[in-house]
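Those sequence lines, one after another, are chains S and C. Letter by letter, the first sequence follows residues 26 to 161 in my numbering. Letter by letter, the second sequence follows residues 26 to 161 in my numbering.
These are computed hints drawn from the structure, not numbers from a lab. Keep in mind that the hints are not guaranteed to be accurate.
[To be verified] The calculated lysine to any residue pairs, modelled on SDA-like cross-linking and capped at a C-alpha distance of 25 angstroms, are:
#1 C/LYS64 - C/PRO135
#2 S/LYS113 - C/PRO135
#3 C/LYS133 - S/ARG115
#4 S/LYS143 - S/ASP116
#5 C/LYS63 - C/LYS96
#6 S/LYS147 - C/PRO135
#7 S/LYS133 - S/ARG115
#8 C/LYS133 - S/LEU85
#9 C/LYS133 - C/ASP148
#10 S/LYS144 - C/LYS113
#11 S/LYS113 - S/LYS133
#12 C/LYS133 - S/GLU91
#13 C/LYS133 - S/SER158
#14 S/LYS133 - C/ASP116
#15 C/LYS147 - S/GLU91
[What the hints assert, rightly or not] Looking from chain S toward chain C, a few residues come up when the C-beta cut is under 7 angstroms (computed):
#16 CYS37
#17 GLU74
#18 ILE76
#19 ASP132
Please read all numbers here as calculations on a predicted model, not as lab measurements. Quick reminder that beta carbons are idealized off the backbone N, C-alpha and C, glycines included.
There are 2 protein chains.
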Amino acid sequence: MRNDGKKRNSGCPVTYGLDTFGDRWSLLVIRELLLRGKKTYGDFLAADEGISTNILADRLKHLEAEGIIVKSRDPDNRRSFTYSLTQKGRDLAPIILEIIIWSGMHDKRPHARRNVLKKINKDREGFEASLRSPQD
Amino acid sequence: MRNDGKKRNSGCPVTYGLDTFGDRWSLLVIRELLLRGKKTYGDFLAADEGISTNILADRLKHLEAEGIIVKSRDPDNRRSFTYSLTQKGRDLAPIILEIIIWSGMHDKRPHARRNVLKKINKDREGFEASLRSPQD
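For reference, chain S alone in the conformation it holds in the complex:
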């Protein structure tokens, strides 16, 4: 959930985290970047969950302002933009991995996906390190 750019001032680190990235649409954009190699506005719009254009535009702006993502011109097409995670954004990897582990324990729906969970179970440390290190 957004708080319109104003951080609540309790000084609590849980609150800080949630004010920075803690709404489900923001985290879905982070998931697309971190785990699925997606990087354009169109990519995010095409995600299964069906984010609307106005929410997506708002969250991209917010994540950029928070220093979680950066926007740059696509070198292959100077008229379009790509997004990538900053180090601050890549450092969210352990949180995302813990969410996946938790869901693996508690999501009993038959169609629950487990492909990333398998990677975590196989080599959590290596997988996490690969997500946190700068891409190319």
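Chain C: place on chain S using the hints.
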């Protein structure tokens, strides 16, 4: 952010997690229960962040429906209720701890609180185990 009780059906574990507990008010209630020993409606209402009564009532109902918390009569005062985390709720501890660690790295505000981070740094495994084990 809530999705009004309906889970998005992508099967993605990140989405599942966010649909279950992933709005900042839900996570603040979980923080109060997990880290601060709070357990009544009045306790949650008194948290620094100033949650409103209607949002609090909604989130408590949601978390109960998701099996994250249970509501029971206060044995000391049969007219009031207390809330506690289920095992599914306590299993959120590693996610909360990773959020605290991330904020410790990236929250540069001078009033950022670090008391829980200190406990994590001292003995993460033991601290996490104590949070995840059933209370009394």
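These are the hints, each one checked on the structure:
Distance restraint check for C/LYS64 and C/PRO135: the Cα-Cα separation of roughly 30 angstroms exceeds the 25 angstroms cut-off, and the hinted pair is therefore not satisfied. A hinted pair counts as satisfied when its Cα atoms are at most 25 angstroms apart, and S/LYS113 with C/PRO135 qualifies at roughly 18 angstroms. Only pairs whose Cα atoms come within 25 angstroms are accepted, and C/LYS133 paired with S/ARG115 is accepted, the gap being roughly 18 angstroms. Pair hint S/LYS143 plus S/ASP116 holds up; C-alpha atoms about 21 angstroms apart against a cutoff of 25 angstroms.
Only pairs whose Cα atoms come within 25 angstroms are accepted, and C/LYS63 paired with C/LYS96 is accepted, the gap being roughly 13 angstroms. For the given pair, S/LYS147 sits about 40 angstroms from C/PRO135 by alpha-carbon distance, which is inconsistent with the 25 angstroms threshold. A distance of roughly 29 angstroms separates the Cα atoms of S/LYS133 and S/ARG115; the hinted pair therefore is violated under the 25 angstroms criterion. Distance check on the hinted pair: C/LYS133 and S/LEU85 sit about 22 angstroms apart at the alpha-carbon level, within 25 angstroms; holds.
A C-alpha spacing of about 24 angstroms is found between C/LYS133 and C/ASP148, which places the hinted pair at or below 25 angstroms, so the restraint holds. Note on S/LYS144 and C/LYS113: the hinted pairing holds, with a Cα-Cα distance of about 23 angstroms set against a maximum of 25 angstroms. For the hint linking S/LYS113 to S/LYS133, the alpha-carbon distance of about 32 angstroms lies beyond 25 angstroms, and the restraint is violated. Simply put, C/LYS133 and S/GLU91 have alpha-carbon atoms about 12 angstroms apart, close enough for the 25 angstroms limit, and the pair holds.
Under the criterion of a C-alpha separation no larger than 25 angstroms, the hint pairing C/LYS133 with S/SER158 is consistent with the structure, at around 22 angstroms. With a C-alpha separation of about 15 angstroms, the suggested pairing of S/LYS133 with C/ASP116 holds against the 25 angstroms cut-off. Restraint check for C/LYS147 and S/GLU91: the C-alpha separation of about 29 angstroms exceeds 25 angstroms, so the hint is violated. Given hint, S/CYS37 at the interface with chain C, holds; its Cβ is 6 angstroms from that chain's nearest Cβ, closer than 7 angstroms.
Interface restraint check: S/GLU74 against chain C, minimum CB-CB distance 5 angstroms, threshold 7 angstroms, status holds. Because the smallest distance between the Cβ of S/ILE76 and any Cβ of chain C comes to about 10 angstroms, over 7 angstroms, the interface hint for this residue is violated. The beta carbon of S/ASP132 is positioned within 7 angstroms of a beta carbon in chain C (closest approach about 5 angstroms), and the interface hint is therefore held.
The structure shown violates the earlier hints numbered 1, 6, 7, 11, 15, 18.
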